[in-house]
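Engineer: Sequence:
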Amino acid sequence: EEAKPVKLGPKEFATGVEMFDYFFALLHSWAPQLEINKYEHMVLEDLLKKGHAESDRKIGAGIEAFEIRNHPVFQSRCFFVRRVDGSSDDFSFRKCVDSILPLPEDMKIGNKSNGKKGGGHFKGGGGRGGGRGGGRGGGRGFRGRGRRGN
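Residue numbers for the sequence shown follow UniProt numbering, beginning at 1 and rising by one.
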């Protein structure tokens with residue numbers, strides 16, 4: 001049975017993978033330490049409210065802004081909610097997505113190949129892209145620029 005599309009803010013998602021891809025791209029396309037714009041703010045706020053088991057605790061006194069920061073412990077990018085009282089806290093978009101529209105087993109937290117090198121969702125392994133430079137954005141960038149035509 002097909003899951004019904006889920007609306008987060010003004011955006012609609014048909015599958016957990018589509019939702020995951022959106023937030024993954026958002027997390028990695030913005031520079032750290034910047035406040036997220038109003039459109040993405042609405043989408044992230046709905047993600048947090050609908051998907052996080054402890055959303056009231058995460059939101060606390062109220063949301064002032066969402067930011068992307070480098071996590072001090074895990075050395076990876078994370079979404080942070082900055083509250084109106086000046087405090088802030090990180091949250092896992094992957095857990096929120098999985099709670100709203102369940103993800104395939106290979107994309108769940110705790111799976112050894114959850115996006116790390118050597119398998120996982122975006123590069124190598126089965127599924128999309130395959131091999132080096134496959135998947136989203138891999139292989140573009142500095143390679144091949146400047147050569148036009150044949």
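Read the hints as simulated data drawn from the structure, not as lab findings. Positions of the beta carbon are idealized from the N, C-alpha and C atoms, including for glycine. Don't take each hint at face value.
[Said to hold, decoys possible] Simulated pairs of lysine-lysine, BS3-like, Cα-Cα distance not exceeding 25 Å:
#: 1; residue 1: K50; residue 2: K108
#: 2; residue 1: K108; residue 2: K38
#: 3; residue 1: K11; residue 2: K50
#: 4; residue 1: K108; residue 2: K4
#: 5; residue 1: K7; residue 2: K58
#: 6; residue 1: K49; residue 2: K11
[As the list claims (entries may be wrong)] Restraint-style ranges between C-beta atoms, simulated for each label pair:
#: 7; residue 1: E35; residue 2: K4; range: 27 to 35 Å
#: 8; residue 1: A53; residue 2: L27; range: 32 to 40 Å
#: 9; residue 1: A25; residue 2: S55; range: 32 to 40 Å
Engineer: All hints, please: hold or fail.
Structural biologist: Here is how each hint holds up against the structure:
no., hint, in the structure
1, K50 with K108, "18 Å, holds"
2, K108 with K38, "28 Å, violated"
3, K11 with K50, "14 Å, holds"
4, K108 with K4, "20 Å, holds"
5, K7 with K58, "21 Å, holds"
6, K49 with K11, "15 Å, holds"
7, E35 with K4: 27 to 35 Å, "32 Å, holds"
8, A53 with L27: 32 to 40 Å, "20 Å, violated"
9, A25 with S55: 32 to 40 Å, "23 Å, violated"
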